[in-house]
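With the hints as extra help, turn the sequences into a complete structure.
Chains as they are written, first to last, in the working numbering: chain D, 583 to 841; chain H, 583 to 841; chain U, 9 to 292; chain X, 9 to 292.
Honestly, the hints are just simulated from the structure, not real lab data.
It cannot be assumed that every hint is accurate.
So the derived label-pair ranges between C-beta atoms look like this [stated by the list, open to error]:
{"id": "1", "chain 1": "U", "residue 1": "Arg76", "chain 2": "X", "residue 2": "Glu21", "range": "54 to 64 Å"}
{"id": "2", "chain 1": "H", "residue 1": "Ala778", "chain 2": "U", "residue 2": "His24", "range": "55 to 65 Å"}
{"id": "3", "chain 1": "D", "residue 1": "Ala807", "chain 2": "U", "residue 2": "His24", "range": "39 to 49 Å"}
So, partial list: chain U residues that the calculated Cβ filter (under 10 Å) puts toward chain H [stated by the list, open to error]:
{"id": "4", "residue": "Pro85"}
{"id": "5", "residue": "Leu90"}
{"id": "6", "residue": "Ser111"}
{"id": "7", "residue": "Gly136"}
{"id": "8", "residue": "Glu156"}
{"id": "9", "residue": "Lys192"}
{"id": "10", "residue": "Tyr252"}
{"id": "11", "residue": "Leu253"}
Which chain U residues stay away from chain D? Per the calculated CB distances, all over 12 Å, these [as the list claims (entries may be wrong)]:
{"id": "12", "residue": "Ala20"}
{"id": "13", "residue": "Gly26"}
{"id": "14", "residue": "Ile47"}
{"id": "15", "residue": "Arg52"}
{"id": "16", "residue": "Glu157"}
{"id": "17", "residue": "Val273"}
{"id": "18", "residue": "Glu276"}
This structure is a prediction, so every number in the text was calculated from the model and none was measured.
In this text, a Cβ means the ideal position worked out from N, Cα and C, and glycines have one as well.
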Amino acid sequence: MSNYTPVELMTIAASRALSNDDVCFVGIGAPSAACNLARLTHAPDITLIYESGTIGTKPDVLPLSIGDGELCDTAVTTVPVPEMFRYWLQGGRITIGFLSAAQLDRFGNINTTVIGDYFAPKVRLPGGGGAPEIAGSCGEIYITMQQSTRGFVEKIDFFTSFGHGTGGTAREEIGLTTKGPTLLITDLAIWKPDPATREFTVVSLHPGVTREQMAKSVGWEIRYADDVETTPPPTEQELAVLRDLHARTKLAHQQPAGA
Amino acid sequence: MSNYTPVELMTIAASRALSNDDVCFVGIGAPSAACNLARLTHAPDITLIYESGTIGTKPDVLPLSIGDGELCDTAVTTVPVPEMFRYWLQGGRITIGFLSAAQLDRFGNINTTVIGDYFAPKVRLPGGGGAPEIAGSCGEIYITMQQSTRGFVEKIDFFTSFGHGTGGTAREEIGLTTKGPTLLITDLAIWKPDPATREFTVVSLHPGVTREQMAKSVGWEIRYADDVETTPPPTEQELAVLRDLHARTKLAHQQPAGA
Amino acid sequence: MAKFMPLRDAIAEFLHDGDEVAFEGFTHLIPHAAAHEAIRQGRRNLTLVRLTPDIIYDQMIGMGCASRIVFSYAGNPGVGLLHRLRDAVENAWPNPIEICEHSHAALANAYEAGASGLHCAIFRGYKGADLPKVNKDIKTVICPFSGEELAAVRAVRPDVSIIHAQKADRDGNVLVEGIVGVQKEAVLAAKHAVVTVEEVVDDLDVHPNACILPGWTVSAICEVPGAAHPSYAHGYYGRDNSFYLEWDRISADRELFTAWMKDNVLDETPKVFVSRVAALRSGT
Amino acid sequence: MAKFMPLRDAIAEFLHDGDEVAFEGFTHLIPHAAAHEAIRQGRRNLTLVRLTPDIIYDQMIGMGCASRIVFSYAGNPGVGLLHRLRDAVENAWPNPIEICEHSHAALANAYEAGASGLHCAIFRGYKGADLPKVNKDIKTVICPFSGEELAAVRAVRPDVSIIHAQKADRDGNVLVEGIVGVQKEAVLAAKHAVVTVEEVVDDLDVHPNACILPGWTVSAICEVPGAAHPSYAHGYYGRDNSFYLEWDRISADRELFTAWMKDNVLDETPKVFVSRVAALRSGT
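Printed below as a string of structure tokens:
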């Protein structure tokens, strides 16, 4: 199966990292696709939670926003947003939170706030939304993001959410008891933090990806695991289910909902 | 109309103090009867709230407990108990809270916790329930209670909820911005706090009640207003509506609800 | 993930001697059948948490299950005092009992904080009251914006919370409806939750914002119709107000109480509850 | 007590220049018609509070209504950035705008504190994040039981909150259903509340724990069918996802934006909304 895009493999690889017992705090975009792909393939009982308050949702098409009607219609229950953040996220009930970034550093620290100075930004990005507390309160964090030197930077301009700080025991030192970023899945590779330094280390390259290609897309000196694997390509079923999901979604978003 | 009991007049006098625009935090017993009597007579749009979470309730019979099904069935909405105390009581939305007491002093301080020492009580009473925060967060407090030297005491054994403390500006001094007890309605009289000292002062005696009778039922030297009135006796309508309510209630509580 | 099991097994597996346990339900949906099961199994040294100890804890305390109680209103609602609780506090019968006393607002906030994964709650309360002098779980915090002194209370985070609810579906999702009290908070604050339900159904058939506890937040579900008696289950049966009045008489006397508990609790099973509510079911 | 009135009169009476106002609705039930009315009436120097500024505040900011914004996520959900908000922040067009930025958890807690009559909320958050360095409304409090350092944020207590809801009954009781966001908190935190509804009905016909705002908590109710467009109203019409995509194009250019606002807002009335959702109504 070679007829797939890098983003498709990124999504599929992320879905494989999820299990039936997970309770996921889902963001829009690749995480939403990955979580629903997992639900539609190997993890039918996975619990998906969107920050709009929808718990145990099973959308037939991917939502455009975090609060599409589809999410509420198919949820076990829908709670107010303050409750979502207090009882469900802060309450420590989420096993995996997904985050993405405009800028990411080697320790999984994330910026989605500004490029440049905060008070005179070059680019004003959307900001943190749920991310600062997702990063702190979920059992662990998976990051999905396409590699580019603009995004994978030596130093981020703003700490929107904390990953492993300067590495090592930085999380424990500021009182965080959760694991933080444990997995980084990109369009080119799979990365995991080094057990001691917490620096993201490449553990698997997607089929056909070279170390030269990697170096050109990352703004720091990449560390590789001793034994770098090759990411298994998508299976026919994974790809078919993902593409069906995207096709249904595209159709739904192009026309008025009631038409 | 002379054929009424002192407790009936107490209840009726309390109901007269309520208006259509009031939002009342209702306790069980005389307050519940008074509030519902007001609703069934001169204040049909009064809002009654019970601490069980029932807002805008219109019971046909008086509840035995603070959370009878009747309260929920007839409410505009029913909210969780934490929300009741946070958004509705602490949020400053209640105009009048009703309290009663096992022991009451001349400044409207209330004890419903223990008689005797807290850690080795002579009588262990029920405790405060909602009272400590009702006393602080409602716009004003009405107290209904039958007079007796056991209940109307020089010094209460435990401050379950704060009235006017030692009088004067005691409330302001501890940071309370609400009015506290503004009305005390008993089986014998109507009392209001002196504007300066905040000591409860008799402003109206119920028909036929003498000052000698008053002195025998109160454990402190009673102050009277310069111009003590006589409480108007119940009207025929007030008494009829109250007795109907009690008759319906008695019937409902004596037999299983579904029979 | 919720396991469906007999009540006897659920209490045996999830409630242990020495546990801090909350049997919750604010006048409505009080889990009496579960409490009776705990009494039958002879639990000891429990810390019992509940806003309104009510008949349910009067029975557990009188039967010697508890060494500590956390509460905010210890009365038989609308009837009078709780004689067994009084006897324990005033006379140490059948054993001494330690008390941790709050207001409703404080204890409701403490559950909310527990459900929120915090160790404390802040609120405007206890001003001028004496409870802060006798309860070390009440402190103060200064609001950093207004300078106001607020009450702070220790969160309630029980080992087990036990509630009764109307329905569960086959995935273990639980519906609580009507006067919902602090049940959701109690379940989410606890390490384990045991839920008795009136019935297990294919589909809860509710509106989107109903009070639902997803199956993965619950440890055990036990189908016990009538399990709230003499409390009630909105939509199923009414409150047995006459029993609340009757309890005042039964509980006033140690021997009468002991005999009643033997006949109606020790020698019974959860199956008896369905017959106790038969006459209380109405058309609704 | 809620007054039933035309939207134009409600905005004229309850929203004034310089007010702090929250137009709330978390992706669902966003009160677009009310925002358009505020734009038409030329409100200035507003402090706009909202978790997700979204198209609604992109329009108000681009039209010069706001001098300050309090928010937690400034994107066009699922589409991209908000061009008018960016233009204001980056280039002070049409006027400079001050920002007070939070996380969702912080701002949701801040509304909850406002509804609770407090001046601050505490929660576990912002650990290791930079926002506390740039927002003076974020401080810390030490939990007096665990010693944990918690984030404290200033409560949101708007002059006016404006929401859209499904229904009101003739007593002014308002039903919000589906994704309820922070609307209840926004209304209860504010001095005044204006509510647009899809319809006014005799009986809300809901279950006991539905999200209801009693009539006495609301200042004005305005019947404006379709008022949430391009957002949606659960049970009435779907989200106009294609318009959210289209907004990216319209808002990217100042002139195109200005022309669009003239044609579709300044020269229109609230009556237009019902036609905008006609094609989005489904069988549900």
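query = If you check each hint against the structure, which ones fail?
reply = none
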